[in-house]
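Each protein sequence line maps, in turn, to chains W and A.
Here the first sequence is numbered in the working numbering, starting from 1 and rising by one per residue.
Here the second sequence is numbered in the working numbering, starting from 1 and rising by one per residue.
No lab work stands behind these hints, which were simulated from the structure alone.
Residues of chain W clear of chain A, computed beta-carbon distances all greater than 12 Å: (1) D97; (2) A98; (3) A174; (4) A177; (5) M233.
Partner residues are not named here, just some residues of chain A that face chain W (Cβ under 10 Å, in silico): (6) R71; (7) V216; (8) N231; (9) R232; (10) V256; (11) A263; (12) R264; (13) R266.
Taking CB as the label site, the calculated pair distances span: (14) R119/A to G101/W: 49 to 55 Å; (15) R89/W to R71/A: 34 to 40 Å; (16) D115/A to S7/W: 40 to 46 Å; (17) L6/W to G267/A: 16 to 22 Å; (18) L256/W to A304/A: 33 to 39 Å; (19) S116/W to R79/A: 18 to 24 Å; (20) R64/W to A172/A: 45 to 51 Å; (21) L6/W to G183/A: 41 to 47 Å; (22) G105/W to Q190/A: 55 to 61 Å; (23) A146/W to Q190/A: 36 to 42 Å; (24) A75/A to S7/W: 49 to 55 Å; (25) V272/W to T106/A: 53 to 59 Å; (26) P109/A to A146/W: 54 to 60 Å.
Yeah, the Cβ is synthetic: ideal placement off N, Cα and C, and Gly gets one too.
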Amino acid sequence: MTAPWLSAMTAPNTLVAAGGVAAVGFAAGVVGSLALLRKRPLVGDAAAHATLAGVAGGFLATGRRDLPTLLAGAFVAALAALGVLVLIRRFTRTRDDAATGIVIGVSFGLGIALVSGLPRWGLAGSGGLEQFLLGHAAAITGRDAAVLAGVSLAAVLVVAAAVKEITLVAFDAAFAAAGGWPVDWIDALVAALVAAMVVAGLPAVGAVLVTALVVIPPVAARLWTDRVAAMLMLAGLFGLVAAVVGTLVSATRPGLATGPLVVLSAATIFAVSLVVVPRRRQEGS
Amino acid sequence: MFFGFSKKVVSLLVAVLVAAAGCRAPEPRPFGKPRVLATTTVVADLVRQVAGDRAEVECLMAPGIDPHSYRPTPADADRLARADLVVASGLQLEGRLAALLERLGTRRPVLAVGDRLPRERLLPVTDDLFDPHVWFDAGLWSLCPPLVAEALAGIDPAGAPEYHARAAAHAAALATLDGAVRGRIATIPQQRRVLVTAHDAFRYFGRAYGIEVVGVQGTSTESEAGLHDVNRLVDLLVSRGIPAVFVETSVADRNVAALIEGARSRGQAVVIGGRLYSDSLGEPGSGADTLAAALTANVETIVAALHDGGR
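Next comes chain W alone, as it looks inside the complex:
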């Protein structure tokens, strides 16, 4: 007779969810590191808050609510929000953080209006879309997990292929531009990668908390190393560990939501890093 907490952690549904979330955690850490190096950690937040409107839009456009359809809708919405952000930045004198605030508020408001409105406007089958607000790891099936792992793998491969260019732009955009690099396109690529990982994080962690997956592990990894490759790997590892620990722990007791536990696990890694990494290193970085 195994301990109940152990059998809860090794139950098929737990392992499927943990597998999917682990892949997302790893890729989100890697991709988030690039956004952090480019000093735009909140790109993910703007994208994340727009996803809810995209989930509703994906349902409205197709009438289907399988995970790939809804996530595709969320990705389109996230890209649209980032596009609007770029336009505001370029054509107005609005400060960056104010522009981000506008995009977050408006797109999130739209998402909440749609997700809460659709069921009561009598659209059959529109119930349950609000699961993407706070995430719902228990509903992840094997096929869903495979989709999440696929998206994560693709994102990591893109980073591996373009890491040199992205790093160059991140450290000295002016120099890269002078050298003929397409800085805007590389920035757009990073933003799209962040949007993709935010979307992949939705089913388990939800639109409100998913930003933490692309911000906290990179910040923690940054404390440990100055080398880009090491930081990417470490951030991915932290993200993966946070995802697995959060998911497994949430399976041990009723009433433990997976998304918040994943985020709290990531925060714990960050706190431990703050204590363990020598202060001299932290100040030098």
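Fit chain A to the supplied structure of chain W, relying on the hints for placement.
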């Protein structure tokens, strides 16, 4: 000058006429017939059974709508305020409507049938909160028609004998249905008499008819099922050889898909036994647009899936 003045007068006159046209007399009410507004489809059916043709019964929520998360609009407030009598399900079923109903109750007759049922026959959720899904216990629900008759007689005293007679007939029909349902459920093998649903709306049903009810979600659709709950359910399905689970017309079914997959990976074939009516009856013409028809449909769905599914 004179010309200019007359132009002003004309435009003033036009303005007054337009304004007068705008404030028309209030919509005339059909004479004699009291207007009753029911909140949910279940309650609307109850009121229609008792009122017959004597009252005009409208339903606030359309079929398929989840009353737990229903948000009233200003138009709803208007409809509520224009009704002669409002009948609600009560026991906090209409979560977001409750405050509005309470305020309305100070000015107009409002009957919340669930709140008037004897406390000792209700299933508590917490100390002072009861499970609101009372209607699928036909025996318990048969206490409601007299309450409705009394409320209708309050706004239409001339119709009192008619209301009370129809209420008695409806209560008797519910009592007959109660016995029939009990008999049907008893045909399911004891071991498999477990109803797993996406939303725990069948506790009264389970208590009345001797079938264990296990919800994937809590009593309200707003509490989420975590991984722990899903694992526990997979264990139950596997250990008792339960061949079917049920989704409801008004609740999401992604949770159920994960549940079925988990059981399958441990060697227990589980199918979706069919859709059950829970917080909402079917569309008019669906064959489940009355409580009796919906309850019968549910019972046949359950019996078919649990009885034959395992073979």
